[in-house]
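So you can see what is in the structure, the chains are spelled out below.
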Amino acid sequence: MSFILTFLLMFAFWMLLSGQTQPILLLLGVISSLLVAYWSHDLFIGKADIGQGIVRFLRLIRYIPWLLWQIVLANLHLVYLTLHPKMPIEPTMMTFKTNFNTDMGVFILATSITLTPGTVTVEATRDEFVVHSISKTTAESLVSGEMQARVKEIEGHRV
Amino acid sequence: MDVKTIITAVLLFTGCFFIVVAAIGVVRFPDFFARMHPAGKGDTLGQALILLSLMVYEGFTLITVKLFIIMVFILVANPTGSHFIAKGAYVAGVKPTKAHEEVDISSSEVAVSSTSKKHCGVDSAS
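Chain order of the listed sequences is S and A.
Each residue of the first sequence is one higher than the one before, counting from 0 in numbering that gives the first Met the number 0.
Each residue of the second sequence is one higher than the one before, counting from 0 in numbering that gives the first Met the number 0.
Hints were generated in silico from the structure; no laboratory data involved.
Pair ranges (Cβ atoms, derived): (1) S:S39 / A:T79: 19 to 27 Å; (2) S:L67 / A:I5: 21 to 29 Å; (3) S:L34 / A:I68: 17 to 25 Å; (4) S:F43 / A:G80: 17 to 25 Å; (5) A:I68 / S:I30: 18 to 26 Å; (6) A:K3 / S:G52: 32 to 40 Å; (7) S:L7 / A:C15: 37 to 45 Å; (8) A:F83 / S:N100: 18 to 26 Å; (9) A:M0 / S:S17: 28 to 36 Å; (10) S:N100 / A:K86: 16 to 24 Å.
Covered stretches of chain A (chain S as the covering partner; in silico rule of three or more C-beta atoms under 8 Å from a C-beta of chain S): (11) 18-24; (12) 30-41.
By construction, the Cβ of each residue, glycine as well, lies at the ideal position given by its N, Cα and C atoms.
Construct the complete structure from the given sequences, taking the supplied hints into account.
In structure tokens form, the structure reads like this:
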């Protein structure tokens with residue numbers, strides 16, 4: 000099952016990148032996709048629950064618009080801080096506790112923290128995050144925990 | 000000058016603006032961790048806008064799809080990369096210039112440890 004799925008994904012990706020439809024090239028694409036799928040299907044999908052994976056992926060797509068908006072806000076904030084003559088920054092390091100069940104959740108939260116206003120992830124594990132924040136207000140917005148709640152929703156927690 | 004060219008120009012200009020500001024930020028900010036902020040964020044939005052402008056210019060073709068794939072890869076790779084640089088510095092013991100705070104997310108209390116106030120000495124004197 001994971002072999003077939005990996006093969007289909009690889010071949011679709013090959014088609015996107017090449018854009019060729021001559022039979023000989025298609026045959027080469029099929030052969031290379033089969034080889035890649037044979038070698039890496041246990042790494043790419045493995046024993047993961049495919050149904051749950053798809054549900055999480057759909058939830059992730061719903062999360063992305065909010066994240067993009069946060070990225071825009073982050074950059075406007077950054078432009079303000081950079082071009083302000085006095086640079087009103089107040090850098091602090093802080094740690095906070097989390098509880099995630101999957102590495103995927105940790106990855107999404109760490110990436111989101113780096114991309115959203117005024118915070119960069121320094122250390123990320125399943126139970127603890129170390130975050131560097133550039134001003135007090137941004138640190139407080141992180142402590143309010145809206146982002147954590149959203150990421151846990153992707154993971155499938157009952158919040 | 001049709002509408003497509005104008006949209007392309009505006010997006011391209013905005014993207015370049017964010018990247019230039021990020022570069023200025025890297026130079027202006029005081030310490031290593033503060034410099035991670037413009038390096039990690041400014042480039043991400045800047046490249047996304049530049050690639051978006053190229054996608055608009057190209058119209059709906061296979062090249063647009065490839066540009067989109069590049070954009071998604073950079074959107075994932077850029078924060079991951081800056082996180083690992085920051086983590087490397089943290090593990091190696093690079094000290095931020097200001098206080099280290101312990102924040103307990105469950106009680107929402109922000110407690111600044113008194114010892115680390117020493118780091119602020121230089122800044123508050125100026």
